[in-house]
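Going by the working numbering, the final residue of the sequence shown carries number 241, and the count climbs one at a time with no gaps.
Keep in mind that the hints were calculated from the coordinates and are not lab data. Keep in mind that the hints are not guaranteed to be accurate.
[To be verified] Here are the simulated lysine to aspartate or glutamate pairs, DMTMM-like style, with alpha carbons at most 20 Å apart: (1) K48 x E64; (2) K170 x E108; (3) K200 x E108; (4) K184 x E208; (5) K60 x E206; (6) K55 x E208.
[Said to hold, decoys possible] Distance ranges between label pairs, derived from CB positions: (7) G194 x D151: 53 to 59 Å; (8) R37 x I137: 23 to 29 Å; (9) N214 x F150: 36 to 42 Å; (10) G62 x E185: 14 to 20 Å; (11) G130 x E190: 44 to 50 Å.
Computed from a prediction, not measured in an experiment: that's the story for all the values here. Here a beta-carbon is modelled for each residue, glycine too, at the ideal position from N, C-alpha and C.
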Amino acid sequence: MESNIVQLKPYEEAFYSMARRIRRLDSIIVCEGKSDAKILKSIVKKIGVECRVTIGVSHGEGQPSVDELVEYVIVLSRLSKRLRSIGLVINSEELTPHNKYLRIINKLERRRSDMGFSSIEEIVVKENFYVLRIIFDQKEIILLIAISGLSEYPFKHHMIEDHALELAFKEGRLNESIIGNLDSSKDAFQNENEIISLINEADKENVIVSFHHLVELIRYVCEVNII
Numbered sequence: 015m016e017s018n019i020v021q022l023k024p025y026e027e028a029f030y031s032m033a034r035r036i037r038r039l040d041s042i043i044v045c046e047g048k049s050d051a052k053i054l055k056s057i058v059k060k061i062g063v064e065c066r067v068t069i070g071v072s073h074g075e076g077q078p079s080v081d082e083l084v085e086y087v088i089v090l091s092r093l094s095k096r097l098r099s100i101g102l103v104i105n106s107e108e109l110t111p112h113n114k115y116l117r118i119i120n121k122l123e124r125r126r127s128d129m130g131f132s133s134i135e136e137i138v139v140k141e142n143f144y145v146l147r148i149i150f151d152q153k154e155i156i157l158l159i160a161i162s163g164l165s166e167y168p169f170k171h172h173m174i175e176d177h178a179l180e181l182a183f184k185e186g187r188l189n190e191s192i193i194g195n196l197d198s199s200k201d202a203f204q205n206e207n208e209i210i211s212l213i214n215e216a217d218k219e220n221v222i223v224s225f226h227h228l229v230e231l232i233r234y235v236c237e238v239n240i241i
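Let the hints inform the model, and build the full structure from the sequences given.
If you want it as structure tokens, here you go:
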């Protein structure tokens, strides 16, 4: 799949980069931050999924503009007959994953007329993973939302590192007693490179279970593309 991934520029430049390149893409995945994008790519490599479509990956550098970036992509998708799906990888932060999902959907519904689509249909509702069909007059786009965060961990903010922490526990790299000494799951790792090394060295099935929401997104984009 690596050869089918196009790295798009982040944040302000992303809109213009996508506008120029969108006609060559089957799918766009927007990650909340740079580390999320790197972790996503490492999981793609780890699970070895066969991807026959061309995917653009961008990130919002952790800025509040991630939601806006998705709106831009939805609008831009009307310019391309080829683009079939949009993926969003975002942290749940202080919300539960489902409440984060509801916030995104409510915002899209409020902006429906501005973005030019007529309706939204729920296709898949799973833990941390959601699939929607966005219907325009002459086109449909699939929106896949992977929301990182494990509410069972007693942290104020929930993020992609929650899943890395779960993987570290499964692999015996860390003991669960460490949780009481952490303010967030991010504190368990020096940087995203440590997480990527963990993914590379871990048992494949443990990676699939720990990052199930990202694996679901990858498989839908690469194998289903699209319902």
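Hint-by-hint comparison with the structure:
1. K48 x E64: Since the Cα atoms of K48 and E64 sit roughly 24 Å apart, the hinted pair is violated (cutoff 20 Å).
2. K170 x E108: Between K170 and E108 the Cα gap is close to 6 Å, so the pair holds against 20 Å.
3. K200 x E108: holds, 15 Å
4. K184 x E208: Roughly 16 Å separates the two Cα atoms, so the pair holds.
5. K60 x E206: holds, 16 Å
6. K55 x E208: Distance ~14 Å between K55 and E208 Cα, so the pair holds.
7. G194 x D151: 53 to 59 Å: holds, 55 Å
8. R37 x I137: 23 to 29 Å: holds, 25 Å
9. N214 x F150: 36 to 42 Å: holds, 40 Å
10. G62 x E185: 14 to 20 Å: Holds: the Cβ-Cβ distance is about 19 Å, inside 14 to 20 Å.
11. G130 x E190: 44 to 50 Å: holds, 48 Å
The structure fails to meet hint 1 from the earlier list, while all remaining hints are met.
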